[in-house]
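Below are the chains, spelled out letter by letter.
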Amino acid sequence: MYNQTEIIKDTSELGADGELVINMGPQHPATHGVLHLVVTLNGETIKKIEPHLGFIHRSIEKMCESLTYRQFIYVTSRMDYLSSHINNLGCALLVEKGMQIEVPDRAKYIRVILSELTRIASHELWLGAMAMDLGAFTPFFYAFREREMITDIMEDTCGARLTMNYIVPGGLMYDLHPDFQKKVKAFITQFKSKVTEYEDLVTNNIIFQSRTKGVGILSAEDAISYGCTGPVARASGVSCDIRKIYPYEVYDKVEFEEVIETAGDSFARYIVRVKEMNQSIRIIEQLIDNIPEGDFVAKTKNVLKLPKGEFYSRVETARGEFGVYVVSEGGTTPHRIKFRSPGFSNLSVLNHIAAGGMIGDLMASMGTLDLVIPDIDR
Amino acid sequence: MFSLEGITTSVQDWLFMKFNPTMALAMECIIVILLSISLFALLGLVLVLMERKVAAHIQIRLGPNRVGPGGMFQTVADTLKLIMKEGLVPDMADKFLFNLAPFVVMMVGMLLLAPIAFAKNFQIWDINIGVLYISAVSSLSVIGILMAGWASNNKYSLLGAMRSGAQIVSYELSAGFAVLTIVVLTGSLQLSEIVKAQENGWWIFKGHIPALIAFVLYIIAVTAETNRAPFDLAEAESELTAGFHTEYSGMRFALFFLAEYINIFIVCAIGATLFFGGWMPLHIGHWEAFNHIMDYIPSSVWFMGKTFFLIFLIMWFRWTFPRLRVDQLLNLEWKYLLPISLFNLLLVAVIAILGWHF
Chain Y
6 MYNQTEIIKD TSELGADGEL VINMGPQHPA THGVLHLVVT LNGETIKKIE PHLGFIHRSI
66 EKMCESLTYR QFIYVTSRMD YLSSHINNLG CALLVEKGMQ IEVPDRAKYI RVILSELTRI
126 ASHELWLGAM AMDLGAFTPF FYAFREREMI TDIMEDTCGA RLTMNYIVPG GLMYDLHPDF
186 QKKVKAFITQ FKSKVTEYED LVTNNIIFQS RTKGVGILSA EDAISYGCTG PVARASGVSC
246 DIRKIYPYEV YDKVEFEEVI ETAGDSFARY IVRVKEMNQS IRIIEQLIDN IPEGDFVAKT
306 KNVLKLPKGE FYSRVETARG EFGVYVVSEG GTTPHRIKFR SPGFSNLSVL NHIAAGGMIG
366 DLMASMGTLD LVIPDIDR
Chain Z
3 MFSLEGITTS VQDWLFMKFN PTMALAMECI IVILLSISLF ALLGLVLVLM ERKVAAHIQI
63 RLGPNRVGPG GMFQTVADTL KLIMKEGLVP DMADKFLFNL APFVVMMVGM LLLAPIAFAK
123 NFQIWDINIG VLYISAVSSL SVIGILMAGW ASNNKYSLLG AMRSGAQIVS YELSAGFAVL
183 TIVVLTGSLQ LSEIVKAQEN GWWIFKGHIP ALIAFVLYII AVTAETNRAP FDLAEAESEL
243 TAGFHTEYSG MRFALFFLAE YINIFIVCAI GATLFFGGWM PLHIGHWEAF NHIMDYIPSS
303 VWFMGKTFFL IFLIMWFRWT FPRLRVDQLL NLEWKYLLPI SLFNLLLVAV IAILGWHF
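Quick mapping for you: the protein sequence lines, in order, are chains Y and Z.
When you line the first sequence up against the working numbering, it's residues 6 to 383, in that order.
When you line the second sequence up against the working numbering, it's residues 3 to 360, in that order.
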């Protein structure tokens, strides 16, 4: 480990054979947060990348140990803030599994619809941010135009635009807004008509393709051994969609495809996410007209106490597998809690896929890994 | 007909009447310097605002609209902010070079103004090797950028400056060859001659396909030479934070910023002069009536219209394309643009010798 003075000393001297060590971050436009990369360069070629973490560590896992099973769900919104709803869902699923609470169908449907909306919103933001990493500013605004509709829907539904906190153990906090279905349908129409603009602006752009094709190649074996999940692993041909393998809520009732590409390069990761947005739209379309009537929350005890034992639940966030592991001593708070965040494993491949490339390739690789730093540091 | 020529002539006559010739010449120099400095400031303000408005339009937003009507004074406010800001000099920087660099870049822009014909007979210096002068002086700006990158004592700046050096030196070739095609067609290096040669049609129309190819090459090359996206590797915001001007702040940064826009204006003005006939109105062969109507539009309007059209084109590039990688950038020049421009030059030489152009 470095202490602060060592970092400065270490990086301000030239290496023996003309190596240049530069600190990318914690404040750098391309790290999208406070990620600190110590990059060893030889000219423009990257020799080594060393990620330094902890700039936004808030010890969320420790905090959760002092919060009750109703409260700890909402802290997880602050981890992967782009999939906050899905994080909440993962925690709620764990409590429901432990307490054996039967969630009403209406709540299940709404949870899945909102999860998919969250996924689209997250991928939209990623699309814009990644294009920005590659030097194209305009796709950001086009992506945000659609994302804005989703955040508006979220605001109507639960009052918050980013950290939703809509889920309680046993169901949902409130019932749906009366306009929900209408607005979601309007969004679907808008999205379908505008998604071709991304193709024109980004996917089919010759510069974009030459920047991403064959850049940051991750083989299927490496993806598995590094523990990659989500679109990063699926772009390397690894089938790992939790929604397919361990279906939760109503994912076993809807039809959708697990998007898998085999190239493993940055372009494949891009394609996977764009196609996933379309699959999410497909899921929402199947559910939006069939939300059953009934309760939106199950009757639960006022004080939740998980039985003694270990519990694990997992969900598929926009970035990959999000796991919650709880050790309970039978009290009102978890004895020990551990989150398996997808971003951490995905970050760990960065040196593997970007070393040997150029600085520009690092941006393409890092951009398509879709890192959310608070998710990595927790 | 309104023309700027009348104003310049009357000013000159008045000066020579009042003072002895040496004094009058000195006075003229001072007037020209003052005018070009104010043109610089004005262009900077207008082009920055234009860029922001164009970007906003492309990015489905409104752009600056709070300061003044339609955000007209936004850049004035920004400039005021930059002037009042502290100009920080890093501790370990080479202070002399660090302070000098923005002025070198700026000076190059000023020198390039000299041979540009803004309107009919409205030109600071109608030098007989105008095109050569332009290509010679424009390559000086790389010195300022390298100076800034080196003197900042910052690794990002150094990388940006090295990229910029490689890029400007390479793309100058294509730009030079594109310019040469027009020189071959005209048979003169003098900008006023080049404009005059387009009296019955602009080179882009009557130069056949080679002129069109040369124009495309020219636009690509000058976009790279002015460090604009998709060739903005020297700045490369997401990679090198701000490239060679990472350490600059306040007015020193503003000078770099201004120089970028001045350079865009100049390369577009030269492009307009070479390919679109400069201040020459749109004339089509022997359509006397049409040509006569076109002559009613003042020549300065023609010149500015063409220049701003080209500037818009370059801004359009910036807000549409992602950035190239540094090896792709050099590949594009050395493997594609340079061979094409060499071949194009050969082609245009054949056309000029055989007299196939109109």
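Hints should not be assumed to be uniformly reliable.
To be verified - Not the full set, but computed from the structure, chain Z residues with beta-carbon under 7 Å of chain Y:
| hint | residue |
| --- | --- |
| 1 | 59 |
| 2 | 93 |
| 3 | 230 |
| 4 | 232 |
| 5 | 240 |
| 6 | 328 |
| 7 | 333 |
Stated by the list, open to error - Result set (DMTMM-like, lysine to aspartate or glutamate): computed pairs, CA atoms no more than 20 Å apart in a straight line:
| hint | chain 1 | residue 1 | chain 2 | residue 2 |
| --- | --- | --- | --- | --- |
| 8 | Y | 187 | Y | 204 |
| 9 | Z | 157 | Y | 315 |
| 10 | Y | 218 | Z | 195 |
| 11 | Z | 157 | Y | 290 |
| 12 | Y | 218 | Y | 266 |
| 13 | Y | 52 | Y | 70 |
| 14 | Y | 52 | Z | 96 |
| 15 | Y | 197 | Y | 49 |
| 16 | Y | 67 | Y | 315 |
| 17 | Y | 187 | Y | 227 |
| 18 | Z | 157 | Y | 49 |
| 19 | Y | 280 | Y | 160 |
| 20 | Y | 280 | Y | 205 |
These aren't lab readings, by the way, just hints derived from the structure by calculation.
Owing to the predicted nature of the structure, the values given are computational and were not obtained by experimental measurement.
Don't be surprised by glycine CBs; every beta carbon is placed ideally from N, CA and C.
Hint check results:
no. : hint          : in the structure
1   : 59            : violated, 11 Å
2   : 93            : violated, 12 Å
3   : 230           : violated, 11 Å
4   : 232           : holds, 6 Å
5   : 240           : holds, 4 Å
6   : 328           : holds, 6 Å
7   : 333           : violated, 10 Å
8   : Y:187 / Y:204 : violated, 27 Å
9   : Z:157 / Y:315 : violated, 50 Å
10  : Y:218 / Z:195 : violated, 48 Å
11  : Z:157 / Y:290 : violated, 51 Å
12  : Y:218 / Y:266 : holds, 13 Å
13  : Y:52 / Y:70   : violated, 41 Å
14  : Y:52 / Z:96   : violated, 29 Å
15  : Y:197 / Y:49  : violated, 40 Å
16  : Y:67 / Y:315  : holds, 17 Å
17  : Y:187 / Y:227 : violated, 44 Å
18  : Z:157 / Y:49  : holds, 12 Å
19  : Y:280 / Y:160 : violated, 26 Å
20  : Y:280 / Y:205 : holds, 15 Å
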